[in-house]
Amino acid sequence: MSQATVEADVLQTAGKGVRENPVDKYLRMERMPTIWCPGCGIGTTVNCFSRALDDSGFDLDKVAIVSGIGCTGRVAGYLKLDSFHTTHGRAIPFATGLKLANPELKVVVYSGDGDLSAIGGNHLFHAARRNADLLVVCVNNFTYGMTGGQVTPTTPYPAIASTTPYGAYEETFNLPHVVASAGATYVARWTAYHVRQLAKTMGEALGKKGFRFIEIIAPCPTLYLRRNRLGEGLEEMKFYKEKSVIKNGADPKDVGLDYREEIVVGKFVDIERPTLEESMEKRMREALGAKYVPYQQPGKMSPRS
Amino acid sequence: MTTASAKPVAKKKNFRGVVVIKHDTCKGCGFCVEFCPLGALELDKGYNAKGYHPPYLAKPELCNGCDMCGLYCPDFAIFGYREKLEEAAAA
Amino acid sequence: MSNAQSSGTLTGSHYLDGDHACSEGAIAAGCRFASGYPITPSTEVVERLSQRFPQCGGRFQQFEDELAASIALQGAAWGGAKAITVTSGPGFSLMMEHIGLAAITETPCVFVNVQRAGPSTGLPTQPAQGDMMQARFGSHGDYRLITLCPNSPQESFDLTVEAFNMSEEYRVPVIVMLDEVVGHMTEKVVIPPADQIKVTERRWTRKKPGEYKPFDANGALVPDMVKAGDGYRIHVTGLTHDDRGYPNMTVPAHEKMQLRLQDKILKNVDSIVRYEASDLAGAEVVVVSYGITSRIAQKSIQMAKDAGLKVGSFRLITAWPFPEKQIAELSRKVKAFVVPELNLGQMVLEVERVAAGRCRTIAVPHVGGTVHDPEQIFKKIQEAVR
Numbered sequence: 001m002s003q004a005t006v007e008a009d010v011l012q013t014a015g016k017g018v019r020e021n022p023v024d025k026y027l028r029m030e031r032m033p034t035i036w037c038p039g040c041g042i043g044t045t046v047n048c049f050s051r052a053l054d055d056s057g058f059d060l061d062k063v064a065i066v067s068g069i070g071c072t073g074r075v076a077g078y079l080k081l082d083s084f085h086t087t088h089g090r091a092i093p094f095a096t097g098l099k100l101a102n103p104e105l106k107v108v109v110y111s112g113d114g115d116l117s118a119i120g121g122n123h124l125f126h127a128a129r130r131n132a133d134l135l136v137v138c139v140n141n142f143t144y145g146m147t148g149g150q151v152t153p154t155t156p157y158p159a160i161a162s163t164t165p166y167g168a169y170e171e172t173f174n175l176p177h178v179v180a181s182a183g184a185t186y187v188a189r190w191t192a193y194h195v196r197q198l199a200k201t202m203g204e205a206l207g208k209k210g211f212r213f214i215e216i217i218a219p220c221p222t223l224y225l226r227r228n229r230l231g232e233g234l235e236e237m238k239f240y241k242e243k244s245v246i247k248n249g250a251d252p253k254d255v256g257l258d259y260r261e262e263i264v265v266g267k268f269v270d271i272e273r274p275t276l277e278e279s280m281e282k283r284m285r286e287a288l289g290a291k292y293v294p295y296q297q298p299g300k301m302s303p304r305s
Numbered sequence: 001m002t003t004a005s006a007k008p009v010a011k012k013k014n015f016r017g018v019v020v021i022k023h024d025t026c027k028g029c030g031f032c033v034e035f036c037p038l039g040a041l042e043l044d045k046g047y048n049a050k051g052y053h054p055p056y057l058a059k060p061e062l063c064n065g066c067d068m069c070g071l072y073c074p075d076f077a078i079f080g081y082r083e084k085l086e087e088a089a090a091a
Numbered sequence: 001m002s003n004a005q006s007s008g009t010l011t012g013s014h015y016l017d018g019d020h021a022c023s024e025g026a027i028a029a030g031c032r033f034a035s036g037y038p039i040t041p042s043t044e045v046v047e048r049l050s051q052r053f054p055q056c057g058g059r060f061q062q063f064e065d066e067l068a069a070s071i072a073l074q075g076a077a078w079g080g081a082k083a084i085t086v087t088s089g090p091g092f093s094l095m096m097e098h099i100g101l102a103a104i105t106e107t108p109c110v111f112v113n114v115q116r117a118g119p120s121t122g123l124p125t126q127p128a129q130g131d132m133m134q135a136r137f138g139s140h141g142d143y144r145l146i147t148l149c150p151n152s153p154q155e156s157f158d159l160t161v162e163a164f165n166m167s168e169e170y171r172v173p174v175i176v177m178l179d180e181v182v183g184h185m186t187e188k189v190v191i192p193p194a195d196q197i198k199v200t201e202r203r204w205t206r207k208k209p210g211e212y213k214p215f216d217a218n219g220a221l222v223p224d225m226v227k228a229g230d231g232y233r234i235h236v237t238g239l240t241h242d243d244r245g246y247p248n249m250t251v252p253a254h255e256k257m258q259l260r261l262q263d264k265i266l267k268n269v270d271s272i273v274r275y276e277a278s279d280l281a282g283a284e285v286v287v288v289s290y291g292i293t294s295r296i297a298q299k300s301i302q303m304a305k306d307a308g309l310k311v312g313s314f315r316l317i318t319a320w321p322f323p324e325k326q327i328a329e330l331s332r333k334v335k336a337f338v339v340p341e342l343n344l345g346q347m348v349l350e351v352e353r354v355a356a357g358r359c360r361t362i363a364v365p366h367v368g369g370t371v372h373d374p375e376q377i378f379k380k381i382q383e384a385v386r
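Residue numbers (the numbering used here), protein chains in the order written: chain A, 1 to 305; chain B, 1 to 91; chain C, 1 to 386.
Keep in mind that the hints were calculated from the coordinates and are not lab data. Quick reminder that beta carbons are idealized off the backbone N, C-alpha and C, glycines included. Don't take each hint at face value.
[As the list claims (entries may be wrong)] The calculated DSS-like cross-link candidates involving lysine-lysine, where the alpha carbons are at most 30 Å apart (straight line), are:
(1) A/K200 with B/K84
(2) A/K241 with B/K45
(3) A/K209 with A/K253
(4) B/K45 with A/K238
[As the list claims (entries may be wrong)] Beyond 10 Å from chain B on every Cβ pair, some chain A residues (computed):
(5) V178
(6) L234
(7) M284
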């Protein structure tokens with residue numbers, strides 16, 4: 001049915017009736033299309049996340065999403081949940097405060113590699129150490145996309161970035177290793193190619209407690225790929241398919257990423273230990289006994305009369 | 001644009017795949033075409049209003065409604081589903 | 001308007017220092033979340049909260065830095081809690097970005113700065129009032145907040161309660177500016193029974209999910225509030241946004257948002273401004289002061305009166321918004337304002353600006369580290385009368 005010019009949005013019924021995309025109900029459709037470039041992997045991760053939400057059966061009124069600044073930071077604006085687009089690097093402490101004040105919520109932080117591991121690094125490590133009850137989704141496209149493609153703590157040697165025009169020269173973070181050693185209780189990595197596994201992992205992580213971290217390697221065609229002459233988003237997705245090796249249970253210290261080398265994916269850490277709130281409560285009870293007055297979940301809002 | 005084949009996916013199957021495409025939301029990244037497990041999609045030679053080549057169901061008889069295209073799409077511009085043939089015929 | 005939660009309010013007559021009184025003010029106002037980071041001379045506020053909160057249903061979390069503390073309280077606010085964070089100069093500087101975030105997202109919360117001498121590490125254990133302009137202009141961009149200046153431990157209690165009330169009334173972050181002396185001086189603090197303390201509750205919306213827009217003031221100036229988890233599916237962003245909270249980075253949207261944020265405070269200035277004035281009638285000189293300096297100024301004014309001079313006092317309780325009307329009116333009647341401050345001239349600039357040359361404005365600066373000698377201020381009052 002190839003035509004010289006395709007008609008815009010003609011929906012023909014081909015059966016029972018026109019269906020809407022099942023993920024539409026998780027999106028702020030009035031804000032579509034997204035600002036992300038053609039071939040950007042962020043949208044694919046959001047697609048997987050929406051599927052995970054769909055399958056989870058959770059009360060989505062109680063799922064809140066907090067993001068930082070950057071291309072991935074825009075995720076909060078597109079998901080139809082209580083969403084908070086905060087400052088650069090500080091989504092995690094905002095989310096920690098939100099969760100401590102409203103323990104019923106499931107709080108997800110969705111942000112990029114620069115936001116979370118550079119400016120936000122301190123907060124990342126401490127939240128992992130405390131086992132703050134947050135799911136952190138880190139889309140790692142090896143660049144600060146929104147600002148034009150600068151080097152981040154994950155940009156591998158010797159990739160070109162706008163602030164390393166002669167090639168990145170620093171050692172990079174192996175993010176799963178960093179968060180696992182800081183104390184994260186659930187650590188996984190997939191690429192944007194691994195849509196099924198990613199949706200499943202996201203669903204599993206949503207149902208758990210403690211500091212959960214999912215790194216998603218994703219293409220940035222306009223900046224990282226273009227500057228390094230690596231093709232379009234599609235080429236990169238094919239590269240992920242070719243170079244990924246699934247090693248569930250791998251030791252996080254062995255999953256570092258080198259430029260254009262093997263990408264180890266899978267679920268690396270899945271343990272349990274008391275969350276920040278649980279530790280806090282336990283200590284208070286032990287120390288104060290009957291004098292302890294636990295924090296109360298904020299009740300129904302009662303408008304002023 | 002919704003497209004499907006009048007014929008079932010395989011001789012013994014009683015369902016077919018249906019694909020719904022929002023042409024003007026598509027940014028022509030090509031993920032759906034590449035990752036359709038059955039190779040049923042292709043990029044149209046024509047353009048949408050933004051100048052991208054959206055996909056179309058080139059081989060509708062191959063589509064089994066698995067929705068891998070939908071899962072990959074970064075722009076939520078395509079999804080697929082399965083439809084039982086009796087229901088399709090009855091409509 | 002309802003009254004303070006009775007569990008927690010420390011009703012009675014106490015000897016407390018300003019820091020501790022501030023903690024009790026927060027508790028009496030219904031605050032049940034605090035974030036903090038140690039910094040002299042403010043640490044006692046959170047130390048006390050860390051001890052008191054588990055006994056009255058609050059949660060205190062010490063964070064890894066002031067950057068985290070200053071945004072965690074905003075997360076807590078959107079989770080439905082009244083929230084506070086406390087710091088001093090260097091931490092206040094770190095918190096500036098997030099004060100701007102609270103301003104643009106209209107998050108009700110309270111920031112406390114127990115001022116010490118700066119700049120930078122300065123004199124950690126010694127007083128100054130050098131952050132007054134920073135309280136107004138410290139974050140980038142245009143925004144208007146409310147800033148309160150207690151001059152005693154009793155006021156530290158009272159004005160912390162007031163700060164929470166104002167933050168809920170105007171959906172704005174409110175800054176309480178103590179200084180090291182007020183923070184560390186011990187005086188009698190009377191805390192009334194909970195049902196006698198005016199506590200303003202959050203302006204929860206009556207609208208249903210789907211109808212409510214987080215930044216729609218419905219023709220008025222202050223939008224209603226919700227909390228996460230109640231099905232409103234709000235979006236809150238630090239980007240310039242429309243009534244729905246969605247980023248709208250156009251000039252008309254920016255203008256609309258910015259002007260309402262400004263008007264929210266400026267058009268309500270008559271209800272917000274607080275000051276304490278005495279002996280204004282017939283005064284030739286009015287001493288304009290705030291915080292601990294106002295206590296020294298009292299002595300100086302007495303010395304001047306004893307010398308036969310006609311001196312009045314105007315004490316800023318809200319430093320911001322600045323009481324322009326009142327100062328402008330006074331400038332038409334007096335020979336001079338005398339403005340002692342523990343800094344090299346900050347609020348005096350406002351006095352001078354508003355007086356617009358109708359009278360003299362005489363600064364009595366002091367680098368900080370200690371308080372003025374009353375003699376210094378008295379001398380300037382004498383100069384002013386000549």
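Okay, the hints, checked on the actual structure:
no.: 1; hint: A/K200 with B/K84; result: holds (27 Å)
no.: 2; hint: A/K241 with B/K45; result: holds (27 Å)
no.: 3; hint: A/K209 with A/K253; result: holds (23 Å)
no.: 4; hint: B/K45 with A/K238; result: holds (22 Å)
no.: 5; hint: V178; result: holds (27 Å)
no.: 6; hint: L234; result: violated (4 Å)
no.: 7; hint: M284; result: holds (45 Å)
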